[in-house]
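Q: Heads up: the protein sequence lines correspond to chains B and Y, in order. Residue numbers for the first sequence follow this note's numbering, beginning at 1 and rising by one. Residue numbers for the second sequence follow this note's numbering, beginning at 1 and rising by one.
A portion of the hints provided could be inaccurate.
[What the hints assert, rightly or not] Here are some, though not all, of the chain B residues that point toward chain Y, as calculated from beta-carbon distances under 7 Å: (1) 149; (2) 151; (3) 153; (4) 156; (5) 160; (6) 161; (7) 163; (8) 255.
Worth flagging that the hints you see were computed from the coordinates, not collected in a lab. By construction, the Cβ of each residue, glycine as well, lies at the ideal position given by its N, Cα and C atoms.
Here is how the chains run, residue by residue.
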Amino acid sequence: MSRKATIWLWRAASFAVAASFIALWQLIANLKLVSPVFLPGPDRAWASLMRGFSNGDLWSKLAGTLEHMVYGWLVASIAGIAIGAIIGSSKLMRTYVAPSLEFLRPLPVSAIIPVAIAMLGLTQAMALFVIAFGAIWPIMLATIHGFAAVEPRLYEVARSLQMSRLAVIFKIALPSASPDILAGMRLSVTVALILSVVCEILAGLDGLGHWVLLSARAFRSADLFAGVILLGITGYVTSVAMSMAEHRLLAWQAAQR
Amino acid sequence: MAITAKRREADASGHSDPQIAFAGVTLELGGKTIIENLSLGVQPGEFLCIVGASGCGKTTALRLAAGLYQPTSGRVNFDGQPMLQPRREIAIVFQDYGKALLPWRTAAGNVSLALEAGGMPAADRPARIEELLRTVGLPGHAGKYPAEMSGGMQQRLQIARCLAQEPKTLLMDEPFGALDAMTRQGLQDEVLALVAASGATVIFVTHDLDEAIYLGDRVIGLLPHPGRIGIELQVNLPRPRDQLSTREQPEFLRLRRQLFDFIKATEQ
Ligand SMILES: Nc1ncnc2c1ncn2[C@@H]1O[C@H](COP(=O)(O)OP(=O)(O)OP(=O)(O)O)[C@@H](O)[C@H]1O
Ligand SMILES: [Mg+2]
């Protein structure tokens, strides 16, 4: 079978699975196996989603969540790449600093949320700090690894060309580490989304997390599910977008296989 | 030929200063003496070949000439100046071309790296890149990534990047070691032609004795542990050289025999 036909078959199959999942959901809701107070059918969730979009409520919540996610992720990316580059390009730093990072990394981000709230209050700044702190790890560790793995021969090429330090970083080290860095950024965009929701719930900041919380408290299950569906879509779209960006930026890697 | 003429002229005037001069160079790495008391002058435009058993210090000597290593004692001079760091006038062609090229840049991009380092304005680069790729026999491959090229093409590309440095000295470390015999002979002739055209000085490391004699004006054989000069042969074969007739000349066979006996003796 041709490659293309295989891909289409897989797509059709996964579509069928999703469709039957939704059908099952509808069936359970129609038969009232779970109380409608807790579980709306897909029809009601969809209607709520449409209503939320047409009156603008959901748009503004979505915008709030995207804002938290993107800002936190950008701060994490810039800081993570910068710190990772410094640590990764020095053997001394790798030897002495990397072990402490390994100790800090498994620390659940939820553990620093109380600390952040105590220091910054229930503010946007707190959210930014928590999101960035959580999202920085995959990027920073990937950058350290990428910088440490630059082919030493290339540094010798740079030396014999008498390239400046800056040129070496931007023309040799960063591009060489870019596959690692982009993979880290793809992982951390998901972390940023999760933490955005957590912060919105905890600090009552405007966004889908807050919307979901309020809907749950008011027993508006259709609205609650609309929010959850929208979060799922957001996560899916951002990760697909990251994969596409990776694919484009790393076209040269395709040639290596 | 331009180079031989240039050197003869220098000889006649009697005071040609070496372009690269090793003066009593000793290098220790990790507490081990790798090169001991090496003294050697390479004349401008000369094609010097270095041979020797594996591990005798050929690559190390070349890295000293490139400024990638600093001697523990003694000194390496370039044009009469002590060499404290690598410089753009000295280009080095590494044996492992796969590692020395930027995989994320196309052929054109890899050549461009050297032009960028040399400060050439962006507008002037494309024409020069095309010219250089044509010179090394890669016209029409500008848009290819190194991974899309054969070993011979990648090594040509590395040579193009080195030529883009407009080097006075070209250092080559077993550049054709990993290539098949046909590609190898073709590249040998191309390198001779390129060097003749540019007038660059060359230090060429190889473990192939025939290649050393075929290419060189002079061949040096190193003794191992620690590395030092064991034999020095002047190659008085006419240029331009020819893959068939040069290799059949009695002088070629005599030098080959002499070098062969030397290497055999060092391996015992
Ligand atoms: N960085 C280093 N530290 C310690 N020893 C080294 C280092 N680099 C090379 N050596 C040693 O120096 C000796 C000469 O190495 P070199 O690479 O110059 O040999 P070579 O003549 O180029 O060998 P080959 O033909 O295998 O390429 C070897 O014994 C090697 O183990
Ligand atoms: Mg070697």
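Q: Give a verdict on every hint.
A: Do the hints match the structure? See the list:
1. Among the interface hints, the one on residue 149(B) is violated; its C-beta lies about 12 Å from the nearest C-beta in chain Y, farther than the 7 Å criterion.
2. Using the Cβ-Cβ criterion of 7 Å, the hint placing residue 151(B) at the interface with chain Y is satisfied: the shortest such distance is roughly 5 Å.
3. Hint status for residue 153(B): holds, given a least beta-carbon distance of 4 Å to chain Y, under 7 Å.
4. Proximity of residue 156(B) to chain Y holds as hinted, the smallest CB-CB distance being about 6 Å (cut-off 7 Å).
5. Here the hint on residue 160(B) is kept, as its CB sits about 4 Å from the closest CB of chain Y, short of 7 Å.
6. With a cut of 7 Å, the hint placing residue 161(B) at the interface with chain Y holds, because the nearest CB-to-CB distance is about 4 Å.
7. Against a cut-off of 7 Å between C-beta atoms, the interface hint on residue 163(B) holds, since the closest Cβ of chain Y lies about 5 Å away.
8. Annotation: interface hint on residue 255(B) holds; nearest CB of chain Y at approximately 4 Å, less than 7 Å.
Of the numbered hints stated above, the single one contradicted by the structure is hint 1.
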